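There are 2 protein chains.
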Amino acid sequence: MAKNITPRDKDYSEWYVDVVREAKLADYSPVKGCMVIRPNGYAIWEEIQHALDRMFKDTGHVNAYFPTLIPQSFLEKEAEHVKGFALECAVVTHSGLELHEDDHKLHLKGKLEEPLILRPTSETIIWAMYKNWIQSYRDLPLLINQWANIFRWEMRTRLFLRTAEFLWQEGHTAHATSQEADEEAMRMLHVYKTFAEDFMAMPVIHGEKSEGQRFPGAVRTYCIEAMMQDKKALQAGTSHFLGQNFAKAFDVTFQNEQNQLEYVWATSWGVSTRLVGALIMTHSDDDGVIVPPKLATWPVFAVPIYRKPEERSLVMAKMNSLIGDLKTQGIGVKLDDRDNVTPGFKFAEGELVGHPLRIELGPKDLEKNQVVVTKRHNREKVFLPLDRAAAEIVTILDSVQKDLFTRAKTRLETSTKEINSYDEFKEYIAADEGFALVHWAGNTEDERRVQEETKATHRVIPLEGTREKGKCMLTGKESAQRVVFSKAY
Amino acid sequence: MAKNITPRDKDYSEWYVDVVREAKLADYSPVKGCMVIRPNGYAIWEEIQHALDRMFKDTGHVNAYFPTLIPQSFLEKEAEHVKGFALECAVVTHSGLELHEDDHKLHLKGKLEEPLILRPTSETIIWAMYKNWIQSYRDLPLLINQWANIFRWEMRTRLFLRTAEFLWQEGHTAHATSQEADEEAMRMLHVYKTFAEDFMAMPVIHGEKSEGQRFPGAVRTYCIEAMMQDKKALQAGTSHFLGQNFAKAFDVTFQNEQNQLEYVWATSWGVSTRLVGALIMTHSDDDGVIVPPKLATWPVFAVPIYRKPEERSLVMAKMNSLIGDLKTQGIGVKLDDRDNVTPGFKFAEGELVGHPLRIELGPKDLEKNQVVVTKRHNREKVFLPLDRAAAEIVTILDSVQKDLFTRAKTRLETSTKEINSYDEFKEYIAADEGFALVHWAGNTEDERRVQEETKATHRVIPLEGTREKGKCMLTGKESAQRVVFSKAY
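Chains A and B are the protein sequences, given in the same order.
Residues 38 to 526 (the numbering used here) are what the first sequence spells out, left to right.
Residues 38 to 526 (the numbering used here) are what the second sequence spells out, left to right.
Hints are computed from structural coordinates only; laboratory data are not their basis.
Keep in mind that the hints are not guaranteed to be accurate.
Where chains are identical, the list cannot tell them apart; a pair therefore holds if satisfied intra-copy or between any two copies.
With a straight-line Cα cutoff of 20 Å, these simulated SDA-like cross-link-like pairs (lysine to any residue) come out [to be verified]:
id: 1; residue 1: Lys94; residue 2: Asn77
id: 2; residue 1: Lys439; residue 2: Ala428
id: 3; residue 1: Lys142; residue 2: Leu124
id: 4; residue 1: Lys114; residue 2: Glu135
id: 5; residue 1: Lys463; residue 2: Gly244
id: 6; residue 1: Lys148; residue 2: Thr130
id: 7; residue 1: Lys418; residue 2: Phe382
id: 8; residue 1: Lys146; residue 2: Glu125
id: 9; residue 1: Lys269; residue 2: Tyr49
id: 10; residue 1: Lys146; residue 2: Leu124
id: 11; residue 1: Lys142; residue 2: Tyr300
id: 12; residue 1: Lys61; residue 2: Ala354
id: 13; residue 1: Lys94; residue 2: Glu84
id: 14; residue 1: Lys355; residue 2: Ala428
id: 15; residue 1: Lys492; residue 2: Ala468
id: 16; residue 1: Lys268; residue 2: Tyr49
id: 17; residue 1: Lys146; residue 2: Thr130
id: 18; residue 1: Lys61; residue 2: Lys94
id: 19; residue 1: Lys69; residue 2: Lys146
id: 20; residue 1: Lys142; residue 2: Thr130
id: 21; residue 1: Lys269; residue 2: Arg444
id: 22; residue 1: Lys94; residue 2: Gly369
id: 23; residue 1: Lys61; residue 2: Gln183
id: 24; residue 1: Lys524; residue 2: Arg448
id: 25; residue 1: Lys401; residue 2: Lys439
id: 26; residue 1: Lys508; residue 2: Leu204
id: 27; residue 1: Lys371; residue 2: Leu180
id: 28; residue 1: Lys114; residue 2: Asp140
id: 29; residue 1: Lys168; residue 2: Arg58
id: 30; residue 1: Lys94; residue 2: Glu83
If you're wondering where the values come from, they're calculated on a predicted model, not measured in any experiment.
This is chain A alone, in the form it adopts within the complex (with noise of 0.2 Å):
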């Protein structure tokens, strides 16, 4: 276990900010609630844009960017919308500062007419411009993403997964009917769950949130949840089915094809850095990061062994050429060539930062002409003859990818639960063991008053699994199949 960081099994919580520090993927900023997401987070982050903004234009999307600056009155135009993100919204109402000779200080000068609102979401000032650019159903539908900069004040900050600023994709899509807008919202909660499962080995259950857990201008919002090491949820992606809400507020129409005049259909969806904080909640340990092959920038950390000059030559020779080798196989790798620390300090660094496979490499090696391979995330070791290496690493990294995944599977597997009364429930859910599969026909008051009691939250109605009906463990009313409950991120 790495000093410095708080063992998982003490404090949770205390781990988490420890890894998230020690290995320098964020740091908090002088600014209330922002952080500063250094290299090495940002890195993690570049692989999950690089991995998704592939998936998404595959299903036809394209990139485009909005106004950071939302006029006020945009936001009071659809009432859901305004009620979910006024009382938390960074507000500019100024155009500049003016140095006064008097005190040498700054003063506020150029009032705007009207408050500027930094964009929480944008909904609303892309369906101001959708406005002009859909006229007909030739238009239709408009498949575009932005990847940007997101404002909510959050009292209560968490790095990486509460910050008052953060980084984020919002697709944004217009369609001529209600069924293609649900079947394109629908395509990208698939989208979601297969990066989340493929990408950063990270299973999900993907479904449909309850009433009071939608999105504030959405008739219906599919949701992706994930299960943490300390058996909390954390909701990793959304994508929204907005009917004609938003075509409504901002009066967007098009001609159909029989010539009349009907309202756009709309959604959205969205991840955001918060993933990176899912990534590391999800596999990391006591000894730091780990990150899963497909969104390592570097899978792959060399350490070569010598002590005389002459060894180093000789080991830098055949590691230059392993490394060459992989290359080609389009692994990337780290090499740690410094020679005034010691292997055992590059180990325990390579170890905080979470590269998949570290490769070593010294004279004894070379005698044995193999090389050896330690899996981060079990540490396994592995000794590979030297021509064989570069191939059996690819193959390494694969079944690592695979490992990751079917040891959050079983976690998640073995910590959900069907619970069938709520004095059961409250019991399992202070316990802190995990979901919570029950009966549920609440509503959202009811959905508040189980938040009180039990601090565990309605996460999703899954899309998948069993459909037998029952009784709602708080109401007794009919309910048509099982929903997950659980403490949430």
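Starting from the structure of chain A, add chain B where the hints point.
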């Protein structure tokens, strides 16, 4: 010439706006001074980002993300910096809005103790963080870049060139010695020059800015200056040697190898979405945009020609096979196989958005076993045998890239002239003939006078070219070399 586009020789400025809007590169937004970058324009920016990011990483830089919101007091810490940016910055003063029951309107709430500025550039927040990250020479150099949005309240805006919000990258590096920092500033200047010339096909003059044109807080500002088709200059990128100014303002010291405390040396450097405007104004014509092949997402635009269904299937089979071959060669192809618009309509649309090459394939071409290739920039038609087409197209794209550069380079050279007296200068500038190479030894006040009298500004002290001495055209003082003056964007 495309309808709805004002010809360049009639009104260059109108032509630019028309091209940007007709080709759907960008649009004005309802927020004063802010633009929307539409998918066609954003695709160019993505290609620019992709190429530059690769070059930054190849020179040892990593990406990170710092808060958008900067405490007002940070801006005050560097005297020149605050003078340069305070007047035009967007100021956040409140952390929320509240719906009042009485008037059903949103009202400001949560007044901040200290106003926060939307970053006009990030030196201050970044150096506040560097103070925590740098203790010893072992922590140096720190080579960090950020891709971000920037806010400067501009009075007179122009799409891509000058807007209240724009996108950019900003490198911020920290070094142990003055020499190393200056070398870094120079290295990045050369990265920008290489990028402008090799990718944008836009020749530039690289050199140093005069004191009057220096970045607020810099010791030296280097820049690349390009010439647009109307012979005006456009500053396309800057790289600053910041000395120890920001280290002193934020008290960032390090222990050197001799165990002494020293202030850290700094650079910063940036290019922005302004480059999209520069690209348009360098190459495009009265029919629309011309994108150089290396920055085109779809270098090839494919239009199948047919009337009858039998023709369609024959033509599409060959077309798809050719597209497959091109993709194998790494060439992106945009296929327009819509049945409800004419080929002529497609041609005009393809020309408007600027694909470097168009390929047409119809029944007559099939008979001759050929494909028709049309170069966007000079309308030249080439008939290629189908079996060799893919390989030849790769070569043609390469030659188009070179052609565009040569064409722009010729313009730059023929429109740059040595001018030897202020009278001659006034005449030359008034006639909009291009760059004036003049001897100059004036100060910032003198520069201001020239600007007031002629609208021309000091652009750059070239690093390359002859070093012959002379007399300043305005003051008659000794001058070590000629510098560039021009009207500019």
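**Request:** Check each numbered hint against the structure and report the violated ones by number, ascending.
**Result:** Hints 5, 11, 12, 25, 26 not satisfied by this model.
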